[in-house]
Amino acid sequence: MSDADNPATDAHEHHHHHHEGPGYVTPQAAIEESEPEEVAYVIGLYVGTDVDAPDFLGVVDVDPDSSTYGEVIDRVEMPNRGDELHHFGWNACSSSCHVEGLERQHLIVPGQRSSRLHVVDTKDRRNPELVKVIEPEEVFEHDLSAPHTVHCIPDGKILISMLGDRDGELPGGFLELNDDFEVEGRWDAPGEIEMNYDYWYQPRHNVMISTEWAAPKTYYPGFDLEDVEAGKYGRKLHVWDWENRTVEQTIDLGEEGMIPLEVRFLHSPVSTHGFVGAALSSNVFHFHREDGGEWRADKVIDVEPREHDGWDMPVPGLVTDLLVSMDDRYLFFSNWLHGDVRMYDVSDPANPRLADRIWAGGHFGPRHPIEGERAVHGGPQMLQLSLDGERLYWTTSLYSTWDEQFYPEEGEEGSVMLKADVNPRKGTMELDRDFLVDFGDMPAGPARAHEIRWPDGDCTSDVWL
Amino acid sequence: METYRITLEWNDGRTESIKSEPDETVIEAAERAGVALPFGCLTGACATCTARLLDGRIEHRREPRALKPRHREDGYVLACVAEPRSDCRLRVGSDVHGELVSNPWR
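First to last, the sequence lines map onto chains A and B. Counting from 1, one number per residue, gives the positions in the first sequence under our numbering. Counting from 1001, one number per residue, gives the positions in the second sequence under our numbering.
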């Protein structure tokens, strides 16, 4: 952690002259030096359906010159059913670029429902292999369950946000793995936070920010307004002292910040700016550290609810995923219930400007965004952007039980993965009509598709010291 | 403890009859018999395995925390922590879980 102690010049010098290990020296280097992605890793789900098969990690061919472009070319089946594979991450990223011998080679793939942790070796990119499984009991020993966000952290370690205690109740916390993928223990002191969900750290500023969903036993079965009224869903941001692992400030986002989910700092390690989407309140907040050292968060984007034939209440915008382009110029977010994906110019992060949007599926987008292709039911959901910022991909499943409430067809027909070509210079997006990955067409039956990652790092996992 | 006969009924009309060993949950008995039922956490927190008791008696091995009082009053049980205490008839399959929660805005 010496880099974090000596910001600016020292850390930079060190990186430029002694770059070892995985990752890129700077976000700009990631843009300049990366090759276009050829495969994507995408989660496929059967949990909660009558398909008698375990969830899998799919390898999707995203190379337009390949004969299998847009197809799932390999699947790593997990050993058990019932996992609900959800968010997953790399063992190493640019935060560990000075660690000799480490490679960005292993994916840590948690089961959200089972609390089982899988380690997948991607040395052969097109044929990854499951190499280790940490069983739920070992996780429960640390009074934690429901793994969510996986980030590599400096020194080859891995940190996983955990949403519940061993019984699926509050409080949640964080689990730490070492570079041999063994459970090191609990990262935080129990009780620092009640609820947990996503987190992102910015070591140059010794800060981590975590968000809140709810207790697993609350959100696992499905979304119930009764639970919202009973205050069982989160609306706070927690600002941590990264080194001391203590919460230094808690920001209550209030009614406009119900269920703050994905949190993303800008990639530049000198920045203290970032964004968080409040799913239920249909808002995006901008946060940053003020001159006095306190952090503040302000609502900067508000998605208006829309009337829908056949619904008693207007359909709220549900901001379920968001990401920032590697050059920190654009914010993309998914509006899952409405059915659009949006692109905002955030060169002035306190004043985002809508640049473009694409409608596909959802409750207001076209059912067949690509003519002649299969129907798209769920709206845009998990997003991933190429490192050069020119290709945006998304899948349509949110969470199996929540899908069932809002898009029952998603379970019957499976998800799709779609893609837009992005022009960062003009601030525009266009749906790629030659690309649709049909997760409804899997050997065991239709699957839900969730998070997307590619081998050389992506816009939602790399952190720079 | 005795062994009991568990009759599983799906919404599409399919039925299976399996036997439970002493101290065995419905999910464990089904797995042993090679009958696939949906499940998730296996600790009573997630409701993926929700079934509806049509006949017989079950006891939950531990609290079915994913079920609200109204669900329990309606006869819903969690197959992952439910142990039969008599011969039982259960409605099962992934769509039973869907009855617990609906789209709140529709």
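Read the hints as simulated data drawn from the structure, not as lab findings. Small disclaimer: the values here were computed from a predicted structure and weren't measured. Here a beta-carbon is modelled for each residue, glycine too, at the ideal position from N, C-alpha and C. Check the hints yourself; a few may be wrong.
As the list claims (entries may be wrong) - Heads up, simulated DSSO-like pairs for lysine-lysine below, C-alpha to C-alpha not over 30 Å straight-line:
1. K157(A) to K132(A)
2. K299(A) to K157(A)
3. K157(A) to K236(A)
4. K1019(B) to K1068(B)
5. K1068(B) to K232(A)
6. K236(A) to K1019(B)
What the hints assert, rightly or not - On the chain B side, residues computed to face chain A include the following (Cβ under 10 Å):
7. T1003
8. T1007
9. F1039
10. C1041
11. C1049
12. L1067
13. C1080
14. V1101
15. S1102
16. W1105
Said to hold, decoys possible - Estimated spans, in silico, between C-beta atoms of each pair:
17. R1085(B) to E307(A): 47 to 53 Å
18. M313(A) to E1063(B): 40 to 46 Å
19. P1104(B) to E35(A): 55 to 61 Å
20. E1099(B) to D421(A): 56 to 62 Å
21. D1055(B) to D241(A): 25 to 31 Å
22. E1099(B) to D143(A): 46 to 52 Å
23. G310(A) to L1054(B): 31 to 37 Å
24. R125(A) to D1055(B): 30 to 36 Å
25. E137(A) to D1055(B): 45 to 51 Å
26. D302(A) to R1057(B): 48 to 54 Å
Here's how the hints hold up against the structure:
no.: 1; hint: K157(A) to K132(A); verdict: 16 Å, holds
no.: 2; hint: K299(A) to K157(A); verdict: 34 Å, violated
no.: 3; hint: K157(A) to K236(A); verdict: 27 Å, holds
no.: 4; hint: K1019(B) to K1068(B); verdict: 28 Å, holds
no.: 5; hint: K1068(B) to K232(A); verdict: 14 Å, holds
no.: 6; hint: K236(A) to K1019(B); verdict: 48 Å, violated
no.: 7; hint: T1003; verdict: 25 Å, violated
no.: 8; hint: T1007; verdict: 18 Å, violated
no.: 9; hint: F1039; verdict: 5 Å, holds
no.: 10; hint: C1041; verdict: 5 Å, holds
no.: 11; hint: C1049; verdict: 8 Å, holds
no.: 12; hint: L1067; verdict: 8 Å, holds
no.: 13; hint: C1080; verdict: 9 Å, holds
no.: 14; hint: V1101; verdict: 3 Å, holds
no.: 15; hint: S1102; verdict: 6 Å, holds
no.: 16; hint: W1105; verdict: 4 Å, holds
no.: 17; hint: R1085(B) to E307(A): 47 to 53 Å; verdict: 51 Å, holds
no.: 18; hint: M313(A) to E1063(B): 40 to 46 Å; verdict: 33 Å, violated
no.: 19; hint: P1104(B) to E35(A): 55 to 61 Å; verdict: 46 Å, violated
no.: 20; hint: E1099(B) to D421(A): 56 to 62 Å; verdict: 43 Å, violated
no.: 21; hint: D1055(B) to D241(A): 25 to 31 Å; verdict: 57 Å, violated
no.: 22; hint: E1099(B) to D143(A): 46 to 52 Å; verdict: 32 Å, violated
no.: 23; hint: G310(A) to L1054(B): 31 to 37 Å; verdict: 32 Å, holds
no.: 24; hint: R125(A) to D1055(B): 30 to 36 Å; verdict: 53 Å, violated
no.: 25; hint: E137(A) to D1055(B): 45 to 51 Å; verdict: 34 Å, violated
no.: 26; hint: D302(A) to R1057(B): 48 to 54 Å; verdict: 52 Å, holds
Comparing the model with each earlier hint shows violations of hints 2, 6, 7, 8, 18, 19, 20, 21, 22, 24 and 25; every other hint is respected.
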